[in-house]
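There are 2 protein chains.
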Amino acid sequence: QASPSAWIDLEIPERVADLMEPVLGDILETATVQDAIEYLRAADHARQITYLYTTDADGRLTGLVVIRDLLLARPEQSLTEVMLPDPFALHARMPAGEAIRAAVHRHYPVYPVVDAERRLVGLVRGWRLFERQAIEITAQSGQMVGVDKDERVHTRLWQAFRMRHPWLQLNLLTAFLAAFVVGMFEDTITRIVALAAFLPVLAGQSGNTGCQALAITLRGLTLGDLDTYPIGKLLRKEAALGALNGVLVGLVAGIAMWLYATRTGAPDAPMLALTIVLAMTGACTGSGIFGVLVPVTLRRLGADPATASSIFLTTATDVLGMGLMLVLATTLVL
Amino acid sequence: QASPSAWIDLEIPERVADLMEPVLGDILETATVQDAIEYLRAADHARQITYLYTTDADGRLTGLVVIRDLLLARPEQSLTEVMLPDPFALHARMPAGEAIRAAVHRHYPVYPVVDAERRLVGLVRGWRLFERQAIEITAQSGQMVGVDKDERVHTRLWQAFRMRHPWLQLNLLTAFLAAFVVGMFEDTITRIVALAAFLPVLAGQSGNTGCQALAITLRGLTLGDLDTYPIGKLLRKEAALGALNGVLVGLVAGIAMWLYATRTGAPDAPMLALTIVLAMTGACTGSGIFGVLVPVTLRRLGADPATASSIFLTTATDVLGMGLMLVLATTLVL
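Which chain is which? The protein sequence lines are A and B, in order.
Per the working numbering, the first sequence starts with residue 1, numbered consecutively.
Per the working numbering, the second sequence starts with residue 1, numbered consecutively.
Rather than coming from a laboratory, the hints here were simulated on the basis of the structure.
Watch out, some of these pointers could steer you wrong.
What the hints assert, rightly or not - Keeping only pairs whose Cα atoms sit at most 30 Å apart, straight-line, the calculated DSBU-like set for lysine-lysine is:
no., chain 1, residue 1, chain 2, residue 2
1, A, K233, B, K233
2, A, K149, B, K149
3, B, K149, A, K233
If you're wondering where the values come from, they're calculated on a predicted model, not measured in any experiment.
Assemble the whole structure, with the sequences as input and the hints as a guide.
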């Protein structure tokens, strides 16, 4: 049983070698079943041995022996007769992520690790790979907003600052784009100041709708669902969902605008209400599409699909949502 | 080796019984080591047997026998001498999440499952629990914005709509709160329309800063880091990080406001710039604090700490960010 601190304080390593334990249970392939049983009887760590690994004279991994099979064999048989020849092995310099993908459908309790010459150099417990995978996945919601994969609650303030700050400056830069769009319509806002109050409503709704599509797409990429589900089908579904959610949320927001405009004496309350319904529908439809496109594009570019995805997405949804509202207001109301 | 589709199409079950396989390798505790070896030799599925489980006459689980120990024992010994008595077992009706937590520090390849009378009713492979855990964690970034835990890319449109829409309406309701705050300052915006363009900048920055703190807090709750790291310390760290990030991002935004105000002939450009710096610093500090408090409070209330956390957070950061900017502008500039 691993101590709780082994789970909590695990450093995030980059290579299989970092997850490796020393070899246990290696035996020359020329040994007999009886030799193997005697080896197990004499071994200090027999309880920790799950499989025996056979090696040749140069220490190269040649086979795997399931201990149960020793029971079922005759003592004088050679290990080469009961072993699984040329077993699956991880490479010491393989990135941990690649090892996890290789292990996902195998689920062995222990994996042998070999070097470039296929010499047996260590063992990796299967649960260490799964633990590593869980830690990797818990990083995603942070990565979406510019938190580094390696940051945890116990990361020091300065290190966290150094890793997060550049993304916040990027977020600011992209926010200026939205501000620039709003700025182009200063005249419209001066004449219908009610629109100012609905700027954060449009931005917030389209942002959240887009983040729903983004989260589902990322989940699909992570769990491999998108290996079999076509991206085009997902795009159409999220666009339809965005439109549907946008119309219904837009109707409520439109009514709110009608009441607000009437009360504050803004011009043409019905047309302002229509502006909100149309802008919300359009913005949420676009958000659904962007929510799928952003992580898929990041992956195509060779990046982690989660990286700053929420920052890129909200830039698009902000510009689209607020821009559409201001264009429509200028066209329909003024 | 499991087929890839077992991973991709896994339905998300709620109980240990849903992850269970039929019992393999159960043997009466009165048997001898020799009996057990003969049982293994005769078993159809010997290759799938990792441990033997001893039961009493009523079928109750009494012990676990490691096959390696059969090799090391004398044939005439009773299984009760080599077995691990009263082994750890999962309960068939236990929620899967609880079973995962119980298994996290054990990492056995297989767990026996018992019913209320401790009768052996099935087995659960350790990797099934880890797979279930990975699927659970990949749901988090969606849950934050109101996507149901069970939604995947292949979820049907209507079902996705039904699960997501209520949260979007809630998001709208909370957005009205921010709109209401902005609406209270219509007069200020009419006189300094440059502020309208900076509304989304403030909302976007404080929202993203808060989501960084939220993501790290959620990660800490998920990985158990916060069992040992005090919440108060995290709160202070995130407040400091928010302040630091806020000042630096605020300075850049303040310069932008100065240039923008000068060019558009807004009153008192330096004071407007100062307003932005102060508002950004205050809003980002508050966002850091809210980012920690939202998931911690959700958990204290007995809810999943991820549930709609981003919706609750951005409501707070929107009101704080834009409210602070408009209050300061009204006080300092007008």
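Consistency of the hints with the structure:
1. A:K233 - B:K233: 46 Å, violated
2. A:K149 - B:K149: Holds: K149 of chain A and K149 of chain B sit about 22 Å apart, inside 30 Å.
3. B:K149 - A:K233: 21 Å, holds
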